[in-house]
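Asks: Listed here are the chains, written in short residue letters.
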Amino acid sequence: MAVLLELKGVGKAFGATRVLEHIDLAVEDGEFITILGPSGSGKTTILRMIGGFTQPDQGQILLDGRDIAHDPINRRPFNTVFQDYALFPHMTVAGNVGYGLKVRGTANAVIKQRVGEVLDLVQLGSLAARYPAQLSGGQRQRVALARAIICQPRLILLDEPLAALDVELRKQMQEFLKDIHREIKTTFLFVTHDQEEAIAMADRICVMNYGKILQLGSPTEVYYRPHSEFVARFFGDNNLIEGVAGDRGSVATPIGTLPCAADGTEPAAGAKAFAVIRPEAIRIGNEPGANTVVAGQVSSVNFGGAATVAVVDVAGVPLRVKLPSRAEGLPLKVGDRVQLAWRTEDCRLVAA
Amino acid sequence: MTAKPIEADRIWRGIALLAAYGLPIFFILLPLCGFLVYSLFWVEGTELHYELTLVNYRRFFTDEIYVPVLRQTVVLCLEVAGLCIAFGYPVAYFLSGLKGRKKYTLLMLLLVPLLMSYIIKMYAIRSILGGNGFLNRSLIALGIIDQPLTFFVFNLNAVLLTLSVLLLPFAILPIFLSLERIPKNLLEASADLGGSNAQSFFRVILPLSLPGVISAATFVFVLAIGDFLTPQMVGGQSGFTFGRIIYSQFGTAFNWPFGSALSVILAAVVIVAILVGARFGGEKAGVHR
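So the sequences go chain by chain: A and B.
Here full-length UniProt numbering is used: position 76 in the first sequence is 76, and no number is missing along the way.
Here full-length UniProt numbering is used: position 85 in the second sequence is 85, and no number is missing along the way.
Calculated directly from the structure, the hints in this document are not laboratory data.
The beta carbon of each residue, even a glycine, is placed where N, CA and C say it ideally should be.
Just to be clear, a hint being listed does not mean it is correct.
[Said to hold, decoys possible] Pairwise CB distance ranges (calculated):
#1 B:Lys102 / A:Val110: 40 to 50 Å
#2 A:Ala107 / B:Gly236: 35 to 45 Å
#3 A:Glu168 / B:Ala267: 55 to 65 Å
#4 B:Asp9 / A:Glu168: 42 to 52 Å
Could you build the full structure based on these sequences and the hints that come with them?
Replies: Shown next as structure tokens:
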């Protein structure tokens, strides 16, 4: 894929607080890239710099090889879906959606036709004459999206657009945004603090914290192969077992020396490290194909819908094991002695 | 035991209700009704007749002085409102663009004149506008004119300028508040969609600040039309307004019933102005709800 937009050495400070440290990021043409991080990680600042709402102190933002970091907002071929939508309250849905064409001096007949097309695309055709105050949250969201895509921007910036919606609606909108992305084939840059949302939507996830990019990769990569303790902890309920790194990706822990999959990002031998094992990668009982087997005692079993989570105490280290639930219940009781097994490639090593 | 606090509660609520409704009724509505009743009496020489009649209203509509003066006064006050908006809007816009403490310090400075005595301000303006006043002398000193100009000396123009200067803070404040209420991200959205600064102003800021402009205009108009002191002091012989006529009916002419009738008519004009303002302002503001 061709690179659409490239951030090179971008840094930003607000007063004495450094919010971004030397960010390098290439956005590929047509992809759905998500910047994921907790609040204060600098993710929104990146989006606002690309949109032109703030300027970087250092570095370049390259579009077609030209630095646009200090171009005015209205000269950039990008459009934004704002967190609280920022719809114009005095304009109808059609007025809001057509605004970008209107200010470009497009003929009214063309605007009308394009607004119709885009509203049909976001399934709001029948609400063109309504005002934003007369719409539900999900509808406003779609108006904001329609308004951002009508000018056919090179890149659409989405600043936590689903944060204000309730869970059910958020799931629907995630699907909907993905559909629209497939349909119009424009590059989407999506900012969120919700890791499930990032996993569900993105082609690539860029995990950030403290103004730095910690890991960039596909959802499966950042989910299964974290490169740092932060990423390992950020994606759900990973088991992190503290120890000291040994040779060739192994780690000495209180439950024994565990072999881990190495991909060149693990800490040097002798450094403090964590063995990271996803709870769903652990099997009960010694299964064929498993390379690591430990023994422990069940300390709790919690039914959680589709999955049941058992906590097994292995030599004082609690390990979470996630198993598919069954109607008749799992054959596990608190106090049972069990064997836990996993494959070497499911165990990752990160620096502590 | 439990009944007592509830009983006390009810008494307090009754007192609060009485205050909420009683005060406006006693101090605003009843005096107004007094005017209404008084306007239906009539005067012969110096004698007041307590008989109900419409003769005062008939006089207003048939005499060739009053309706034209009212019309002239309404036009004057509309001009005052227009001037206040024209000068107040840029000031309010500039203010709302400032940041932090500077904004509110400057706003306070602009509102200081409101705390000053009306009479002092009027004398100050008189000494600026007079035939031999500051303005004329400055223009002569600058060599722009040879003789003192008279078009703003003790006439209707002087009233227009003075009222505008006095009432300007009443225009700035509501416009400033309505500009402050516009979320900043709407401007970001406008620029994001390709709008220039001018387009953002005319398509987003101006329409959204219109409720403030309308309430500013209503404010200024209502305050200006009720004023009789300003025309009295800077209006001279030709600067005659409706307020001055009412004043003379209560003062020199000593015809309280006719003065009351004119007051009722003025009150009707004010009420219409407020309703029109509320109608347009509400229509624009209704979009936000």
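Asks: Is the hinted range of 55 to 65 Å satisfied by the C-beta distance from glutamate 168 (chain A) to alanine 267 (chain B)?
Replies: holds (57 Å)
Asks: For the pair aspartate 9 (chain B) and glutamate 168 (chain A), does the Cβ-Cβ distance stay inside 42 to 52 Å?
Replies: Holds - the Cβ-Cβ distance for aspartate 9 (chain B) and glutamate 168 (chain A), about 44 Å, lies within 42 to 52 Å.
Asks: Falls inside 40 to 50 Å, the C-beta gap from lysine 102 (chain B) to valine 110 (chain A)?
Replies: holds (45 Å)
Asks: Is the gap between the beta carbons of alanine 107 (chain A) and glycine 236 (chain B) within 35 to 45 Å?
Replies: Violated - the Cβ-Cβ distance for alanine 107 (chain A) and glycine 236 (chain B), about 57 Å, lies outside 35 to 45 Å.
In terms of the numbered hints stated before, the structure departs from hint 2 and from no other.
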